[in-house]
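Here the structure of chain A is known, so what remains is to put chain B with the ligands in place on it, guided by the hints.
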Amino acid sequence: MLMSVVSVYSAPSISSNTKQLGLESLLITEYICVVASSCLLKPLINDDNSDASTIIKNINVLHSRRGCKRLSAKLVFMGSQGVGKSSIITRYIKGDFKKECEATIGASFMYAKVTLRDYQITLKVWDTAGQERFRSLVPMYYRNADAVAIVFDVSDRDSFNQVKNWINEVRKNTDTPVVYYVVGNKTDLLDSRTIMYDEGEEFANSVNAHYWETSVYSNTGIQDLFTKIGRNLIEIVESSKPPANLKVEIDPEEVSNNDRINNSKIQCCTN
Amino acid sequence: MVNKIGYDMEETQETDTTTLISDINDIAIQDPVVSKSVTENEPVPSSSEQGSSYEILFDQLKEKNKHIFVLSTAGKPIYTRFGNENQMASLFGLMIALVSVTQDSNDTLQSICCGQTRIVFLNKDPLILVGVSQSSEPYDQIKKQLTYVYNNIISTLTLTQLKKIFHNRTNFDLRRLMSGSERLIDKLITFTENDPGFLLDSISCLQMPSSSRDKITQTILTQCSKIKNLVFGLLIAQKHVISIVRMKKYSLHVSDIHLILNLINSTESFKTAESWTPICLPTFDSSGYMHAHISYLAEDCQACLVLLTIDHNLFFTLSDAKRKITEKMRCNDCLHAINEAIIRQPISLARANITGLRHLLYKNKNRSQHWCPPFTSPYNTDELQQNLMSVYCSLISQINFPGRTLKVIFQQLTAETMLAWATEDVELYMTFEPLVSKECATNAVTKLTQWMKKEEDSLFIFNIPMF
Ligand SMILES: Nc1nc2c(ncn2[C@@H]2O[C@H](COP(=O)(O)OP(=O)(O)OP(=O)(O)O)[C@@H](O)[C@H]2O)c(=O)[nH]1
Ligand SMILES: [Mg+2]
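Order-wise, the sequence lines are chains A and B. Just so you know, we're using full-length UniProt numbering here: the first sequence kicks off at 1 and counts up by one. Just so you know, we're using full-length UniProt numbering here: the second sequence kicks off at 1 and counts up by one.
In short, the hints are calculated from the structure, not lab data. Hints should not be assumed to be uniformly reliable.
Mimicking EDC-like on lysine to aspartate or glutamate, the simulated pairs with C-alpha atoms at most 16 Å apart in a straight line are [unchecked claim]:
1. A/Lys94 x B/Glu274
2. A/Lys94 x B/Glu383
3. B/Lys328 x B/Asp300
One chain only, chain A, in its complex shape:
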C-alpha cells in the first residue's frame, strides 16, 4: 500500500497540486501514517475512481481534525433479495468483493466512517435481509433512521418495482426528516441491464429521493455513495431547523500525541 502512495506522489500533476497547498512534505508523512493505520481510507485507495485530487481532499480533512465536528447517524440499507446491499457495504468498509456471498439473515450491523470537511461522521449501518420472510421485521430496523438507501439491481425490473413500496413504507412510518437514496447497483452488467440511468433518476425524482448508481463488481460509485449521504446529513444538521435526533458534537481535543505515536507504530508493522 505504501508503494502505491509513493507512486501517486511521484505523478507530476499531484506534486504541483500539493505545492500549491504548500504542505507537501508534511502531507506526505502524515498521509502515510494515516494510510497505514486507518481502514477509513482503504476503500479510497482501492477505488479505481479515486483520482489524486480526492486523496488530497481527504488529507486536508484529516489534517484539520483538530476541533472537528462529530456526527453520528443511522443509515439503513433495504431492497430486494440479492440486489447487492451486503456487497456494497462490505466493499465500502472492508474494501473487498466476494462473488459467492450468503443471503443476509435478519440484519447485520456495522459502523462506517465518512470524513467530510470538518466533520467526522459515524454511520451506524443496518444491512437488512431482502428475503421475503424477513419483510415484516424491517420496520424494526428502519425506525429512527436518518438515511435510507433502497437498492435495486439494474438488470432486474422486479427489484426496481419494489423500491416504490419501500419508500412509501418508510415515509409512512417515520416522522423525522430522512435522506432517501435510490441506488441502482450492478451497472457492470451492461448486456442484461434493463433499467437505464434516466428511468432510475426520473423515478427517484418523482419520489423525492436522490439517485445514484453503483457497481460493486467494478468498484464504481461506492465511495461516493457514502460521501454523498454524509454530505446530505451535514446539510440537514446545518439547516435552520435541525431535527432533534441528529446532533453534532464538537470535539475540542486536538489530535493527541498518543495518536500520532500509535500511527507510526502501526506504520512500522505494515512495512
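Just chain B with the ligands now, kept in the frame of chain A:
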C-alpha cells in the same frame, strides 16, 4: 426432561412460555405488492416429453444414497436435497397419493421398505416430509432426520406462521418464504449424517480446564444477569459449546442447540458483522420468535457469542454487553484460554491406555453431552469413518429402542468388535480390534470409566448457571 441442557431436578419444568412469546409474530405476506411474483402453476410438459425426462431424473436421483423431500399437503414442492423440485411434479404427486390413500382408510403411512431402500414419511400438517435411504438406516434415524428438517423450517417461520399461511391459502408456494434457507437445510442434513451429537441427542463441548471454563461462564453471567428479558447466552467454538448461561426456569433443548450450531457454522457472514436476527427455537417454543444477537468475540478469538432475547429492542444493550464481555475476557485471559483450547490437539484416546480399544462414543446422559475422540488409524478415510458411524448408529438405536431396556450389546463384526454399555448415567459405545474377547471388553469398560472420572471435568460442562 431428558435432552435438556441445564435442567435442574428441583425446578418445575412447566415452561410457561406464553410470557416469552415475542411480539413480532406475523410475517406479513403482502402479495403482489412486495413479493416477487412466482407463478403458481408451472407449465406442465407434454406427456411424451415427460416420460423421457423423468427417466433421466430418476437415474440421477438413484445415484444418491439419501434423499429428503418436503412438500405441502396440497402437493406443492418445497424442498429437495438433490435436483430441481420443479421437475419432480409427478414424483411429488406420487408421494401425496401414497399418503392420502392410507389416510382415506384412517391410517398413517410411516414407512415403505423394498430391498435396501427405505422410504419414511413424516406427516406434519401442513407439511409432508419424505426421506429415502438406500443404506438400510434404521427407521427412527430417518424419522429423526425428517424431524430436524421440519424443525429447521419452523425455526425460520414459526409454527403459528406456517399454519396461518396454509390456512389462508392451501396452495401457497412456501419456497417464496424459504428462499435462502435451503442452504441451511442442506447443511443440517449433512450434520445429521456425520455428527455423533445427532445420534446421541447430545452436544459436544470444547475441551478446556474447568477453571478456565468457569471463569468464562462467570464473565458472561456477570454481564447477562443484569439484562432484563435475556433468556439464553451461548458461547460456541465451531461445533463445540464452550459455555451456556440461562434465565431461571428455562432450559435449552439439545435439538434447538443443534439448529443454532448449524446456523452459525453455515453462515460465514456472521464473522464480519454483528447480526440481529429472529429465530424460533421449535422445541422451546414453536409459536414465536426469539431475537438472536450473534457475533464473534474478536478478530483474534473465533468463538461465537449468541445472546437470545424476547425483546426486539434489545440490540444495542446486547451489543454493549458483548463488547464488555470481550473486554473483560481479554483482561482476564479468557480469550487466550479459548484460543489455546481451539488450537490444542483434542485429547486422544491413547492416553487412557486400554489395549485393543480403537475408538468410542461416551455420553453423559444427565448432561446430554458427549465426547467423541478424534478418529485414529485404521479409520483414516471418510468412508471408513462413515462406516463406523453407521455401526454406532445401529447400536444406539438398539440401546434406545423404546419399551426395551437393553443394557449391554457385544458384537463381533468382520472389521471390529463393538461393545455398547448403558447405565443410568452413561451410554458408552466402544470399538475394539476384531478379536477382542467379551471379558477383555468388559474390563475395558471399568478401566475407561475410572479414567473418565479424571478427565470429564475438562470434557463436559457441569456448571450452567442461571440468572
Ligand atoms: N455483477 C455484479 N454482481 C453483484 C454486484 N453486487 C453484488 N453482486 C452479486 O449479487 C449477489 C447478491 O449480493 P448480496 O450483497 O448478497 O445481496 P443482498 O442485497 O445483500 O441480498 P440479501 O442479503 O439476500 O438481501 C452476489 O452474488 C454478489 O456477488 C455488482 O455490482 N455487480
Ligand atoms: Mg445481504
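Fill in: Violations among the numbered hints, reported as their numbers in ascending order
2
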